[in-house]
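Peer 1: Given next are the chains, with one letter for each unit.
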Amino acid sequence: MIIIGERINGGFKDIAQAVKEKDKSVIEKWAKRQTEAGADYVDVNIGAVSNKVEDFLWMIETTQNAVDTPISIDSNKLEFVKRALETCIKEPIINSTTAHEEKLEQLVPLAAQHNASLIGVCMDEKGSPQDVNRRVELGAKIFVSATEKGLAPEKIFLDPVTMPLKFLQPQASYVLEALRQFKLLSDPPPHMVIGLSNISSQSKEVRLINRIFLVMAIESGLDAAICDATDEELVNAAITAELVLNKQIYSDSFIKAYHAANGRRT
Amino acid sequence: MSIPDFTRKWASPINTVKIGATQEEGGTRSHTITIGGETTLPFLHFEGKTPHFPVVAMEVWDVPPKDWHPLLAEFFSDVWGDPASWAKKCEEEFGARLICLRLQGCDPDGENRGSEEASRAVKSVLEAVGSPLIIWGCGNDDKDNEVLPKCSEVSAGESCLFGSITEDNYKTLVALCKADGHKLISQSPVDINIAKQVNVLATDLGLDPQDIVIYPTTGALGYGIEYVYTIMERGRLAALGGDKMWAMPIICDIGKEVWKTKEAASSQEEAPQWGDHRQRGPLWEATTAYTYLLAGANIIVMRHPEAAKEVTEFIGKLMEESGSSSGSEEETK
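If you're matching them up, the sequences are chains A and B in order.
Heads up: the first sequence at position 217 corresponds to 217 in the working numbering, and the numbers run straight through without jumps.
Heads up: the second sequence at position 257 corresponds to 1257 in the working numbering, and the numbers run straight through without jumps.
Hints were generated in silico from the structure; no laboratory data involved.
Watch out, some of these pointers could steer you wrong.
[As the list claims (entries may be wrong)] Derived pair list, reagent style SDA-like, types lysine to any residue, alpha-carbon separation capped at 25 Å:
1. K247/A / G1241/B
2. K256/A / G1037/B
3. K256/A / G1110/B
4. K141/A / K155/A
Kindly produce the complete structure, drawing on both the sequences and the hints.
Peer 2: This is the structure in structure tokens:
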């Protein structure tokens, strides 16, 4: 399971304040906490706090000084992504492109050039997908376009677009079905990722919904998630789901074994 | 029509473990033995690297073995009772480059020797030979915990491979090996899950995964070899796929198992239909070894000198196209 820790995001009050005041300690704290909890990437998103690229780079540099976990460059501004790619020490993941041809033409060569992975969100200039077919169509378009433009298949992460259960209930099962169909795109299949927190947006029982949906998505083929890496029950559920699917060899201490295998918390 | 490329690029290599320490490294060995480091399944040289040769270790006891086969006695009975001479004979006459000293004399059901005698045996073998040592307890947990601390102490800095820890008994040996700079054999009863569990427990106590060799228990040809084979194969596939708790080199304890089987041990008179028993015994041991090599064994512990020689030559042939010329050894410069 590839866990992308979502917490360093200007949407959170403490992060917004830290960016404004250039308070490294808050960024460092979340970089470390997420890494210790099992994050494989630390997502960095400046949100609406600032539109200065220097502030975004400061967040990335502060994160990299605290941990050696690779960065997930979370920005829809081309300039920000370009500068971030030059700043990242370890091979990062770009979060994200859409199926929009113009975006693909900009971001795929950049990713290939920097050996970065790329999340492809299954939407385009016409908007978000509303059914299974549209998701799969856009996923296929991203996958084919990215591989044709020189990105290795194992660097591509498809995101079928998760929507809030509370407002768009049928969409959750469409996401799961889209994941199953993504599996057929190539052998081995592309990576599949979701922005997990969307599923529980504005609902009660946020953690329960996140956890159950993540497990169901893993069964459908998901192998990566942008989520709260510090939610131990969530991470343990994901580890257990992979164990049930025989992706890891059982041992009595399988949670410890998972973290030891990833060179982190034991 | 061209053949499609079916090679795989695996996620992570098998750990490299170095046994023995030369003078510069704080020991007194004439050479060291390095195993592991594979980036592919056994001997698939077209797919990945096998940087170090699998290696045969010859078995030596601290006491005269009462139950060793007459075919083995022919070679060793003159040195039984003196582990130093026995080890020296293995090295000088039979070309052994790794010695497995089994402290069978400590077995409470046998001679029940104490830690003084056991550590003396360890010391004498270290002085007699330049090869690195595997030091294996008698297999009785309580007795091993009593005897091995002294053995570890007298061999501190020599980077021996100590055996063995199990799911129920690992704390003493892990602490010893960390303190005295040794490597450890983690043992499991033909069980892929427990094999992993022992490694989790040991590393949880702070043992470096790079200091562990897996002993998945060994079955002789005809006596459960296929169970062990599939476990080794499955474990190796998982390891190459990124499972760090199975990414250790593997040791197989062949001689002990083979010479218990009737196919290896029965005399010509007892089983005339099976042919010349002078050939049959070593052949059974060598064939068992070949099988484990193909499953991914990195160390094979053997008894019969001719079988050991055959297997060493066979390894050389299997490794011809590996691109690794130095074998598993590094000599003192």
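Peer 1: Looking at the structure, which of the earlier hints fail to hold?
Peer 2: Hint 3 alone not satisfied by this model.
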